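Novice: Next come the chains, spelled out residue by residue.
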Amino acid sequence: MNKKNTILKGIMYAVLILLVIISFIPFYMMIVNATRSNSDILQQGFTLLPGTALIQNYEILIQYMNLWRGFANSLFVAVAVTLLSSYFSALTAFGFAVYKFKGKNFLFILMLVLMMVPGQLGLIGFYDLVRLMGLLDSYIPLIIPPIAAPFIVFFLRQYLMTVMHTSLLEAARIDGAGEIRIFHRIALPIMMPGIATMAIFTFIGSWNNYILPLVILFSPEKYTLPVMMGALRGSQVAENLGSMYLGIAISVVPIMVAFLFLSRYIISSISAGAVKG
Amino acid sequence: MKKLDNYGYMFIIPFFIVFVTFTIYPILLTFYYSFTSYSGMGDPEFTGLANYTRLLTDSYFYSALYNTLYIWGINFFFQLGIALLLAILFSDIRLKMRGLNIFRALFYLPNLITIASVALLFSILLGWHHGTINHLLLDLGIISSPIDWLNDPTTARWSVGLIGAWMWFGHTFIILMAGISGISKDYFEAALIDGANRWQTLVKVTLPLLKPIMLYVLITSLIGGLQIFDLPMLITDGTGAPQGSLNTIVLYLYNQAFRYDNYGYAAAIAYGLFVITVIFSIITFKSMYRNNVKEG
Amino acid sequence: MKKVLSLSLVSLLGFGVLAGCNGEGSDGGGSDKDTLTIWSFTDELEEPIEVFKERHGVEVELTIIPIEDYPTRLRPVLQSGQGAPDVFTGELAFIKDWVEQDYWEDLSQEPYNADELEGDYIDYVFDMGKDSEGSVKALSWQTTPGGIFYRRSIAEKVLGTDDPEEIGERFSTMDGLFEVGEELKDAGYRLFPDEGAVRWFSQGQNPQPWVNENNELVVTEERLSHFDYAKELRDKDLTAFAPEWSPAWFASMDGKINYNAGWDELEEDAEGEKEVEVFSYALPTWGLHSVLKTNVEETAGDWAVTNGPNPYFWGGTWLGIYSGSDKKELAWDFVKMMTHDEEFLKDWALETGDVLSYLPVTEQIKDEFQDEFLGGQNNYKFFLEEAQKIDANTVTRYDQQIDTLFGNSVGEYVEGVRTKEEAIEEFYNLVRNAYPDIKVPKQ
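Residue numbers (this note's numbering), protein chains in the order written: chain G, 2 to 278; chain E, 1423 to 1718; chain Y, 4 to 446.
Any given hint might turn out to be false.
[As the list claims (entries may be wrong)] Coverage of chain Y stretches by chain E, computed from C-beta distances (three or more under 8 Å per stretch; other residues unrestricted):
hint : region
1    : 49 to 63
2    : 418 to 430
3    : 434 to 441
[Stated by the list, open to error] So the derived list for chain G, only partly shown, Cβ under 7 Å to chain E, looks like this:
hint : residue
4    : Tyr-100
5    : Leu-169
6    : Ile-256
Simulated from the structure, these hints should not be mistaken for laboratory data.
Please read these numbers as outputs of a predicted model, since none were measured by experiment.
All C-beta atoms, glycine included, are put in the ideal place defined by N, C-alpha and C.
Use the sequences and the hints to build the structure in full.
Specialist: See the structure below:
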């Protein structure tokens, strides 16, 4: 039985490694092709060995598209969205969890119902509203609306209800602390693990968001990375496959490196989000 | 306490100002536009139910729905299938597989990459005469002539579905493992002591206990899948080609609004998608409820 | 965990602030006193901008947006005026629509008085820039008749001559074109890079607008013949599977490309041709300087241009001043330089080979013109003659989208996934779906 298990285990590891190879071969092709010239890719086909055209490819790419700019733009938007939505969601969750006020249940249910609505439902109206407000081609329509993130509020409220005791608040009030101070000094730190979980999702979601910036932003220097990737295809860079691959690689590799350091937190957040959500 | 409770409003008011302005109002505005012929310029002209009657008889809308479900179906089957096999493998207490953390991280990675980059990458890797994937398959002798992956409806849908599965199976795997670690080890040990074999353990213990979490995966994946846009948009340059086989609902909506300036009709498509989402969610919830009753 | 997270959040925030600063830094640039902002869909203005900067001592910011997105991206900006450019270009495909809007400054009025320039341009070029009331909204420096660019060395080898006149004679009918294609194929070459190349010679035999004044879709027999010609090209194996604008298309201009990576398996096919060279490309005037010259190294000097079975024209860039600009004077200076500055335009034409529509310059240079790249051929004279045959009344605002839909339908027929009738039917459906107001013929 034991020997059989060992053999089985060996086979299973082989299968797992094969799966890893399949998962990573597109990335490997990308990196190798990023270093090859256009004619090399077209004539020689597939190879495992890198070429020598990395610098030429980079020069062609950067001549038409400043991907680093897209990186900085995406980072700026994603960080702003994450900070604002985390803070305001915590604020709202605290309001719902601690106080009893008129209409509270109605508002909470309204929020839950609209949580189920798919994001594209209001797209046309949203675009028109932003246009009428004169906010097209700015980051405001990307950064401000995520302040109202019903799912995060819901998650944090549940979180607060399980971890925070009302006695803590009572004690603080007797010490003479105001409500806002209580939120910042007591509730916010308690919610931090929950906020961190949600912050990771928010960040990834904002980082990957494509349709909204595609519709809202016009000036190429404001493009976020996904929109820039889309624009890459219609640009002169598309004439050169090597530069195309390099452009994609530049958008991918830093994320891989960041993941190397953060994978444990990201994965435990997904686990937590799934089980509690 | 009464006075203190009024602070509640203060805490939730920023949320609701933004919520009403940027979520509720646009949804209502879209609803209004769906009854008009609005072209983005000038005033919307009220046309009653015209957009909706057009929607109900629009073969492109139905084919977009079909394409969306087709792509999602392939995606979900492989995403859940692979994740489930992996979860079963790693939860087998006889094998005691190691390296869960490493494999989990490796399999998850594609999910973190911007979909736009993934779409662009595959749109050139899957090129016909000059795509690297064809070159590789030819070198390996798997195919004898290059396949025009993205220019044939079947291979194009399968490609997009499988790219989706590739991106998401790691994510699903993590969620299933979270579900399994929520199951007490006692169950598995009891099964072992009772002399249950692998198959019996799987069917009698693992799968039933994983059911709720699998339904969670199903619903979130379905709601997300109905909105698939980035991949087909970037792979087909927005055309939904070949033969409209990658024209998904949201891509159709986007094109009607932002390519052809039919904002009114696009608004009706948005509400059509909403109704479909609600119907599918109800069906899924219902079947979950019925199953629970049966087993309970 | 908390520490790491808050640390990473803080460092991210740091990045974010930096990014934010960057953002503001250059956004503000647009409103500087002496920075002119220009939007276009090609990079052809890059060099003129350098000249302009030197002459006027100002900064110019050029934004290039791929043509598929250009109208969609530009329109909201022009409507709202936010971040709008001072000068923007329009392409032939949408200029009809744009001159009717108020986006472009009326150049017929003071101080521009563009009406006085009327006689200086090739007629259709000037007319395209006018709105329906006759006010000039945009001007252009170029004219864009098309031809067929081919490789002299291959012509010499296979057809026994590289003389544009003689090749043009052989290309003067569709049958002649296909005959040449067969001869090239037997010698291991390919007539065209892809099937799309013949589209100009099918519709061109009887040019009609896509949509007529009664808002009806006009589909002539000649348009539909594109289906047959494209299919014939594919069936007779006269193309190299290098679709227009793809990397393979560009690469094939400069030498052999990997033709059919699968055929080395089929030994009995014996031809063993893994690589193939393309003979010719259907391109207009601008194809010379913005496609061929920028992509070709090895084959420079080995090209020539001649006529196809019929005249056609493709593209063209007009430019005008944004009506809401606060730098109209500077903007007009740029438009002036680009469209009727003899000194600049002469240099430009001699350097790039771009065919001008500005007669004072073309008259001076057309007889003497020679292009090294074309083996010393006078492409100017050739194209100016072709330009006389342009009928710009066939341009409609739907062209870009309908051309795309039509091209896709032809592609489906060529691939064999739809019959011709099905493909045409599908084309009608797609047009009806995109533009419910257009009356589509019933089948």
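Novice: Would you mind marking each hint as holding or not holding in the structure?
Specialist: A quick look at each hint next to the structure:
no.	hint	result
1	49 to 63	violated (count 0)
2	418 to 430	holds (count 4)
3	434 to 441	holds (count 4)
4	Tyr-100	3 Å, holds
5	Leu-169	15 Å, violated
6	Ile-256	6 Å, holds
Taken one by one, the earlier hints fail for this structure at numbers 1, 5, listed in ascending order.
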